[in-house]
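Visitor: Given next are the chains, with one letter for each unit.
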Amino acid sequence: EAGVTQFPSHSVIEKGQTVTLRCDPISGHDNLYWYRRVMGKEIKFLLHFVKESKQDESGMPNNRFLAERTGGTYSTLKVQPAELEDSGVYFCASSQQGDDKDTQYFGPGTRLTVL
Amino acid sequence: GEDVEQSLFLSVREGDSSVINCTYTDSSSTYLYWYKQEPGAGLQLLTYIFSNMDMKQDQRLTVLLNKKDKHLSLRIADTQTGDSAIYFCAETRRDSSYKLIFGSGTRLLVRP
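From first to last, the protein sequence lines are chains A and B.
Mind the numbering: the first sequence is residues 95 to 209 in the working numbering, read in order.
Mind the numbering: the second sequence is residues -5 to 106 in the working numbering, read in order.
Among the hints, erroneous ones may be present.
DSS-like cross-link-like pairs, simulated, lysine-lysine; straight-line CA separation at most 30 Å [stated by the list, open to error]: (1) Lys30/B x Lys138/A; (2) Lys138/A x Lys61/B; (3) Lys30/B x Lys148/A; (4) Lys109/A x Lys148/A; (5) Lys30/B x Lys64/B; (6) Lys135/A x Lys30/B; (7) Lys62/B x Lys172/A; (8) Lys62/B x Lys109/A.
What the hints contain is simulated information worked out from the structure, not anything from laboratory work.
Small disclaimer: the values here were computed from a predicted structure and weren't measured.
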């Protein structure tokens, strides 16, 4: 069974540009999460989808970030316009609905560098 | 300040035991987790413990939870060079759905 995949693995853009990150969760997983790790600090929660609905977007830093999950399968996270402080590693995770401990399976991450 | 804290770095000799520590602040934690990140890879769930447990053992891994002190530890017995990685502790809370709250990670270096 394929794990969580993310694309691209690396992205280098200039300040002011737009970048779109993609996450494909494990097939059948209704829960999808985005997290990011900035500058070697802790990994911080961004948002949580249940199927196509945003369950919790309390971690989204500002309105330059837009996450979508049309059809409840893959998700995209767009940053527009990108700022220097957006540099970091963006992780996606998925889990099965009804799993009491909600075991989250993580993708390899997308390393974003904003110059 | 951080809700979950870890020391940044630990170096051990191959074959020794490693103990990675974590402290958390919120008493409403439900599950506590240890994740491992190897270079270029995603986060791999190593083990977890429910908040009403004190200890959990899984092969070379032993997790200890001290709820009174809000202290979590991961002991790796007979540490191998393949254990070199960043280890993150994380928690979920009763009032915060299922989002994981992570520490900043402890980099474990295993010397031959």
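Visitor: Evaluate each hint against the coordinates.
Guide: Now for the hints, and whether the structure bears them out:
For the hint linking lysine 30/B to lysine 138/A, the alpha-carbon distance of about 16 Å falls within 30 Å, and the restraint holds. The straight-line distance between the Cα atoms of lysine 138/A and lysine 61/B is roughly 23 Å, inside the 30 Å bound, and the hint therefore holds. This hinted pair checks out: lysine 30/B and lysine 148/A have alpha carbons roughly 28 Å apart, not beyond 30 Å. Among the hinted pairs, lysine 109/A with lysine 148/A is consistent with the structure: their alpha-carbon atoms are about 28 Å apart, no more than 30 Å.
Proximity of lysine 30/B to lysine 64/B is assessed by CA-CA distance (about 21 Å); at most 30 Å being required, the pair is judged to hold. A distance of roughly 15 Å separates the Cα atoms of lysine 135/A and lysine 30/B; the hinted pair therefore holds under the 30 Å criterion. This hinted pair does not check out: lysine 62/B and lysine 172/A have alpha carbons roughly 42 Å apart, beyond 30 Å. With a CA separation close to 47 Å, the supplied pair lysine 62/B and lysine 109/A exceeds the 30 Å bound.
In summary, the structure is inconsistent with hints 7 and 8 from the numbered list given earlier, while agreeing with the others.
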